[in-house]
Amino acid sequence: MEVSSYQTPSKTIVNCVAYLNGRRKADVPLSQVHELLKENNQFVWIGLHEPSEEVLEQVQREFGLHDLAVEDAHNAHQRPKVEMYEDSIFVVLRTAQINKEHHIEFGETHFFVGANYIVTVRHGASVSYADVRSRCESAPQMLSKGQGFALYAVMDFIVDQYYPVVHQMELELESIEDKIFREKPSRETTEQIYQLKRELLEVKRAVSPLVDVCNRLMRFDIKTISEDIRPYFRDVYDHVVRINEMVENTRELLNTALEANFSLISISQNDVSKKFAGWAAIFAVPTMVAGFYGMNFKFIPETEWPYGFYAVLLATIGLCILIYYLFKRSGWL
Amino acid sequence: MEVSSYQTPSKTIVNCVAYLNGRRKADVPLSQVHELLKENNQFVWIGLHEPSEEVLEQVQREFGLHDLAVEDAHNAHQRPKVEMYEDSIFVVLRTAQINKEHHIEFGETHFFVGANYIVTVRHGASVSYADVRSRCESAPQMLSKGQGFALYAVMDFIVDQYYPVVHQMELELESIEDKIFREKPSRETTEQIYQLKRELLEVKRAVSPLVDVCNRLMRFDIKTISEDIRPYFRDVYDHVVRINEMVENTRELLNTALEANFSLISISQNDVSKKFAGWAAIFAVPTMVAGFYGMNFKFIPETEWPYGFYAVLLATIGLCILIYYLFKRSGWL
Amino acid sequence: MEVSSYQTPSKTIVNCVAYLNGRRKADVPLSQVHELLKENNQFVWIGLHEPSEEVLEQVQREFGLHDLAVEDAHNAHQRPKVEMYEDSIFVVLRTAQINKEHHIEFGETHFFVGANYIVTVRHGASVSYADVRSRCESAPQMLSKGQGFALYAVMDFIVDQYYPVVHQMELELESIEDKIFREKPSRETTEQIYQLKRELLEVKRAVSPLVDVCNRLMRFDIKTISEDIRPYFRDVYDHVVRINEMVENTRELLNTALEANFSLISISQNDVSKKFAGWAAIFAVPTMVAGFYGMNFKFIPETEWPYGFYAVLLATIGLCILIYYLFKRSGWL
Amino acid sequence: MEVSSYQTPSKTIVNCVAYLNGRRKADVPLSQVHELLKENNQFVWIGLHEPSEEVLEQVQREFGLHDLAVEDAHNAHQRPKVEMYEDSIFVVLRTAQINKEHHIEFGETHFFVGANYIVTVRHGASVSYADVRSRCESAPQMLSKGQGFALYAVMDFIVDQYYPVVHQMELELESIEDKIFREKPSRETTEQIYQLKRELLEVKRAVSPLVDVCNRLMRFDIKTISEDIRPYFRDVYDHVVRINEMVENTRELLNTALEANFSLISISQNDVSKKFAGWAAIFAVPTMVAGFYGMNFKFIPETEWPYGFYAVLLATIGLCILIYYLFKRSGWL
Amino acid sequence: MEVSSYQTPSKTIVNCVAYLNGRRKADVPLSQVHELLKENNQFVWIGLHEPSEEVLEQVQREFGLHDLAVEDAHNAHQRPKVEMYEDSIFVVLRTAQINKEHHIEFGETHFFVGANYIVTVRHGASVSYADVRSRCESAPQMLSKGQGFALYAVMDFIVDQYYPVVHQMELELESIEDKIFREKPSRETTEQIYQLKRELLEVKRAVSPLVDVCNRLMRFDIKTISEDIRPYFRDVYDHVVRINEMVENTRELLNTALEANFSLISISQNDVSKKFAGWAAIFAVPTMVAGFYGMNFKFIPETEWPYGFYAVLLATIGLCILIYYLFKRSGWL
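The listed protein sequences correspond, in order, to chains H, U, S, R and B.
If you're matching positions, the first sequence starts at 1 in the working numbering and goes up one per residue.
If you're matching positions, the second sequence starts at 1 in the working numbering and goes up one per residue.
If you're matching positions, the third sequence starts at 1 in the working numbering and goes up one per residue.
If you're matching positions, the fourth sequence starts at 1 in the working numbering and goes up one per residue.
If you're matching positions, the fifth sequence starts at 1 in the working numbering and goes up one per residue.
No wet-lab data here; the hints were simulated from the structure.
A couple of the hints might just be wrong.
Copies of one chain are not kept apart here, so a pair can be met inside one copy or by any two copies together.
The calculated DMTMM-like cross-link candidates involving lysine to aspartate or glutamate, where the alpha carbons are at most 25 Å apart (straight line), are [said to hold, decoys possible]: (1) K100 - E188; (2) K275 - E191; (3) K179 - D271; (4) K204 - E248; (5) K328 - E191; (6) K145 - E86; (7) K298 - E39; (8) K328 - E83; (9) K328 - E39; (10) K145 - D160; (11) K223 - E71; (12) K298 - E35.
In this text the structure is predicted, and so the values were computed from the model without any measurement.
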């Protein structure tokens with residue numbers, strides 16, 4: 001599980017659709033959006049994917065966006081935030097997903113939301129929002145609440161994508177726990193803990209600013225979002241807080257795991273020392289016995305016996321077995 | 001002590017009773033609730049247990065609940081919170097109890113409280129609230145304060161259920177302390193510390209948002225709860241803060257226990273090393289003596305003596321005993 | 001120094017005295033308090049010690065106290081707090097003192113303070129407030145400020161009792177420091193650190209909520225306390241903050257002591273290893289020499305000498321002394 | 001990578017230019033600034049580099065600056081801050097850059113911003129702001145917004161200089177990770193971690209107060225900065241928060257790295273002990289065998305064989321190889 | 001560097017001077033102060049040093065100070081604070097200085113500031129404020145701003161005294177770093193770290209409440225301090241924040257140093273183990289060789305050779321040197 005960088009772009013303008021009373025009216029070319037917006041009760045939902053500078057400039061002209069927001073949307077290395085301008089808001093979210101190699105891939109999605117338009121700008125690894133759009137279209141009574149609901153729908157989708165990411169990290173923590181408490185301490189486990197910590201911090205950095213973003217969207221009086229959408233942002237807020245808690249929990253457990261791992265390394269060290277001491281004692285016995293019978297005294301008992309050698313050998317082996325048994329019982333071996 | 005998942009459901013609508021001036025009036029079918037509520041001075045208390053989608057929809061129609069709240073009540077994986085809607089509030093609490101195998105089981109209870117109704121929705125492991133209800137019914141002067149008192153009674157009951165849970169964790173900490181300071185360091189103790197930490201975090205996650213929930217219930221001006229109920233929520237608040245403190249305390253002690261455990265592992269390691277060094281020294285003596293008498297010199301003293309071997313043997317053993325005694329006195333053995 | 005539980009009660013109503021313009025007027029039976037309070041410029045100070053339910057009910061009727069506060073005063077396992085009711089306040093403090101066995105004993109004192117009365121309810125280990133009362137009576141110009149001053153006097157007394165408690169813990173920390181830096185690392189020191197941490201957390205739990213309690217008493221506009229008493233609560237506040245700081249400081253030093261202790265255990269481990277290695281090297285020399293002279297070569301030098309054995313023995317001992325000296329100088333022994 | 005001190009000054013007044021409607025009007029001597037400022041729609045941008053006391057006094061007289069601010073500007077050991085005076089603001093920033101020896105060099109830049117002037121005072125290691133000035137001059141429509149835009153431009157430039165600094169520290173962390181997880185534990189790695197921590201704290205101290213500085217500039221109603229400049233300070237704010245997060249992240253990873261390093265040292269210690277124990281066991285075998293055949297029994301088997309010595313030698317070597325193989329398989333060697 | 005207690009007093013009333021329009025008017029006896037203060041545009045600056053109870057009572061009568069403040073000024077074991085009374089403020093600061101034995105000595109200075117007077121009360125180790133007074137007198141235009149400026153001048157002086165104290169602690173940290181990274185781990189270094197931590201906490205306790213004190217003095221509308229003095233308290237505030245940051249930084253580095261120290265102890269332990277293992281292996285070789293040639297086989301090769309003993313001896317020594325060389329290259333010795 002590693003964190004990989006942004007991927008290659010495909011086509012720039014994914015979608016540009018006008019909605020009337022929550023129902024899809026027509027696909028429109030970007031250049032005709034301006035005329036459309038003169039009519040009441042409708043809004044335009046434009047989906048861009050890693051747009052070129054030209055496209056962004058066109059969008060900017062069309063909706064009168066602020067230079068700084070457009071610059072941000074082009075650079076795409078922002079932290080999640082919401083910026084209120086006079087007649088529009090600019091929202092930045094980070095997206096996360098797990099790719100086929102079980103790595104976490106991050107992306108970014110930016111939103112421009114005005115009186116009668118919403119523009120989503122996808123950067124880096126992220127699923128297309130076509131599904132979200134069609135789900136919205138299948139509930140016209142909701143979508144009739146305007147571009148605010150579209151913003152909610154995509155945000156909700158993005159935040160929900162964090163559940164599998166966090167879940168995978170929780171699984172990885174469990175696998176680390178297993179290794180710590182069931183297997184021998186190893187360099188690999190320590191490195192795995194470190195790498196998981198790295199990932200956690202990365203995800204935390206993406207998720208924790210969302211608490212503030214949702215808070216502002218649900219509390220502040222924003223003209224471009226109709227009031228009955230706010231409870232929906234409270235819902236997103238709840239999810240974000242829960243994901244944050246899961247990340248925080250995993251982090252605290254990971255820290256404890258690191259310390260527990262360390263304790264177990266020391267216990268294991270203790271075991272090695274004790275085992276070694278035990279065996280050294282067992283080995284010391286025959287060496288000592290042999291030493292004594294090797295002394296050059298004129299008279300040493302048993303040495304005259306025909307089977308003295310064997311007797312001593314057997315006695316020594318017996319003694320060793322006895323010591324082994326005693327050590328085993330007292331936990332030294 | 002492990003954390004187990006939600007259990008099997010029983011029947012859905014546990015109870016649906018109308019109260020007039022705090023006194024039980026009649027069991028009513030859910031479908032007739034609407035008519036009843038037209039009369040003054042009475043409210044309906046409905047108890048659901050893991051309701052089907054149909055039942056929830058019926059309740060939603062009956063009381064005009066918000067989609068998102070009902071969705072939450074169905075999904076049942078929320079964090080504790082209170083949500084204020086125009087004419088109702090939605091409260092989510094997590095319940096905890098210790099089952100027969102001494103494991104902590106978590107559940108969830110949701111409340112819809114409106115002008116003249118309260119709906120409790122139980123999910124997962126949780127005791128029935130029949131006892132709470134009958135206790136309330138035996139104090140009609142309190143229950144006459146309306147559905148707010150019923151909300152308080154159930155919340156108080158849920159929060160009180162955390163005391164035995166936290167108490168069991170405190171006992172477990174004491175058993176861990178005993179193991180750390182009285183027994184030898186072991187892998188099991190370290191793992192037990194880790195598992196207790198996991199449980200603590202789980203309980204903390206269930207309890208700590210309650211501080212905010214109680215705060216809102218006791219401070220905000222909520223139409224559906226009569227004002228003289230507020231001191232009661234302050235009472236619940238006090239309990240929640242106390243449980244939080246107990247959890248926090250246990251957590252801090254547990255962290256210190258982990259470090260103390262670690263220190264004692266090292267001291268134990270030290271003891272092993274010293275013991276080993278001491279015995280190695282004792283063993284080294286006879287090996288050295290034997291080596292010297294094993295040298296092939298033409299003339300070695302004592303070797304000619306008839307009992308030289310025994311003399312040397314005894315002298316060596318005596319020397320070993322002396323060293324043993326000296327080491328014992330200086331704390332190396 | 002251990003934390004012991006609550007002790008046996010003595011008599012319930014310790015005192016019930018009416019004061020007029022700050023001067024003791026008369027001892028009154030509890031049942032006549034109501035009549036007395038109709039007169040102006042006087043207040044009643046009632047001292048209870050672990051009162052029975054009946055006495056508390058009588059007090060409740062007499063002064064019209066809230067059910068929940070009276071229930072709290074009876075149960076006596078509250079955390080320190082102040083609760084404002086319409087025409088009275090309810091204050092809970094934890095008391096601490098050191099008993100003859102140098103253990104910390106905790107108790108609880110509750111206060112009901114109304115327009116013209118103050119009731120103190122003592123639970124568990126605590127000194128009688130008779131001294132405080134007589135000191136107040138000897139300063140009638142202060143006591144004429146009403147029951148607010150009596151509240152201050154007892155609170156000040158309770159908070160001052162924490163100084164010797166905290167001081168004893170600071171002394172204990174110093175004794176631990178001495179053991180860490182002057183003596184050998186031991187299991188006892190580690191356990192002592194742990195137990196002191198436990199006590200610290202207990203005291204902290206009793207003291208830290210007092211900051212908030214004093215803050216409310218000195219800031220909020222409370223009818224039952226005359227305004228010129230507020231600077232006195234600021235004085236109590238200062239003491240509480242100082243005790244809190246002392247506890248916090250001791251805790252931080254204790255954590256550092258735990259780590260320093262750990263470092264010294266490791267250094268001590270290092271010393272053992274080095275000593276062992278050094279002596280092993282010294283012992284290895286004679287073993288090796290003896291081994292060589294024990295080889296069964298036809299011709300080995302010196303073996304023919306009459307005093308060869310002694311020569312080799314002395315040379316070996318000399319060599320050992322030399323190595324010992326070299327190791328001593330380089331810090332290995 | 002070390003932190004070096006301030007460098008030698010060059011010339012004091014780097015630049016003193018008047019701007020009319022955002023366009024460069026003329027270089028003016030400092031003494032004539034006063035007259036110029038009587039005209040509308042223009043402002044003066046003065047760049048100083050480590051000015052002498054005389055120059056600062058002249059500037060103070062010219063613009064009526066507060067004594068304390070001028071004293072600060074002269075001393076140049078301030079922490080980043082913004083101070084609002086009646087008709088001017090005083091801003092202090094710390095600058096950082098990486099010199100040729102890959103060390104971080106810190107400097108300070110102070111700003112006096114009034115109704116129609118901006119004075120920048122550079123201290124210590126810092127790039128000249130000539131580039132910023134010419135970039136501003138090439139966008140007169142922006143610069144026409146007044147001295148507030150000049151302030152933004154230089155602040156943005158200073159904050160952007162922190163990216164390479166933080167990036168270098170991130171690279172260093174990665175090199176430390178490599179050393180920890182790929183190489184043997186060493187004193188150098190530990191010291192490198194410590195030094196990086198030192199640098200991180202230094203950078204954090206320079207950056208973290210900027211959050212507050214930007215916050216005040218973008219929120220407070222400051223007369224001397226035109227209102228449409230505020231979104232630009234929000235942009236700087238975003239960058240500062242991001243740099244802060246990067247520093248914080250690196251710090252948390254570094255702490256984990258220190259602990260991981262420690263774990264690996266212990267594992268490595270474990271490996272040494274196990275290897276030693278294994279080899280000791282292998283060596284013990286021939287010593288024991290030799291000892292037994294060295295005993296002075298009258299009859300020892302094999303000793304009479306012509307190639308007994310070789311047989312025993314080979315058998316012993318074979319046994320050692322077998323043990324080696326067994327230990328290798330079980331992970332002791 | 002140790003923290004010593006308060007020193008012996010000298011004379012009580014150090015100074016009592018009346019100022020008119022910022023210029024020294026006359027030394028006045030304390031008893032005549034009252035009359036003097038009836039005239040306009042002047043104030044009295046009284047300097048006391050560990051005053052007796054009588055002197056304090058006289059001052060209290062003269063200026064109508066609050067009982068509690070005077071009691072505090074007499075007891076002199078307060079934490080830094082500012083207390084606002086109706087027509088005066090009471091400020092407590094802790095002073096610190098380094099004595100000749102390089103120990104930190106703490107003292108306390110209290111201020112009573114009213115409409116036309118300032119009283120400074122020095123306790124414990126502290127420099128006389130005669131210098132501050134004469135410096136103030138040499139700037140009558142500043143001192144004409146009233147007693148508020150005198151308060152600022154002394155506070156600024158006291159805060160500036162913390163710079164050398166903190167600087168000495170930073171130097172001590174550097175000396176500790178040197179010992180950790182350049183010398184062998186030792187008990188002394190660990191104890192030095194602990195003692196520095198103790199001192200840091202002591203200084204932090206003296207400095208950190210000053211942030212709040214300065215904040216109140218620069219923000220609150222205090223009658224007895226003229227408004228144009230407030231920027232000066234902001235200046236003191238900046239210094240206090242900086243000293244706080246330095247203390248905080250040193251503390252964090254010290255914690256890291258403690259951990260780094262610990263890592264290096266373990267690495268050092270590792271080195272000892274490896275060295276020991278290496279030498280044990282080298283010693284094992286001759287022991288084994290000697291053992292084999294000591295076996296009692298009828299025929300052992302080389303034993304018949306005239307110089308066999310020497311040959312084997314040399315071969316063994318050669319082998320040892322070879323092993324030594326190999327170990328040296330692979331880092332075991």
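Now for the hints, and whether the structure bears them out:
1. K100 - E188: Cα proximity of K100 and E188: one copy only (23 Å, versus 37 Å across).
2. K275 - E191: Between copies, since 22 Å is at most 25 Å while 28 Å is not.
3. K179 - D271: Intra 18 Å, inter 18 Å, cutoff 25 Å: intra and inter.
4. K204 - E248: both (8 Å within a copy, 12 Å between copies)
5. K328 - E191: between (35 Å within a copy, 24 Å between copies)
6. K145 - E86: Answer is both: 21 Å inside a copy and 18 Å across each meet the 25 Å cutoff.
7. K298 - E39: Neither: 124 Å inside a chain and 118 Å across chains, both beyond 25 Å.
8. K328 - E83: Answer is neither; intra-copy 70 Å and inter-copy 63 Å both fail.
9. K328 - E39: neither (90 Å within a copy, 81 Å between copies)
10. K145 - D160: within (22 Å within a copy, 41 Å between copies)
11. K223 - E71: within (24 Å within a copy, 28 Å between copies)
12. K298 - E35: neither (123 Å within a copy, 115 Å between copies)
Hint violations for this structure: numbers 7, 8, 9 and 12, all remaining hints satisfied.
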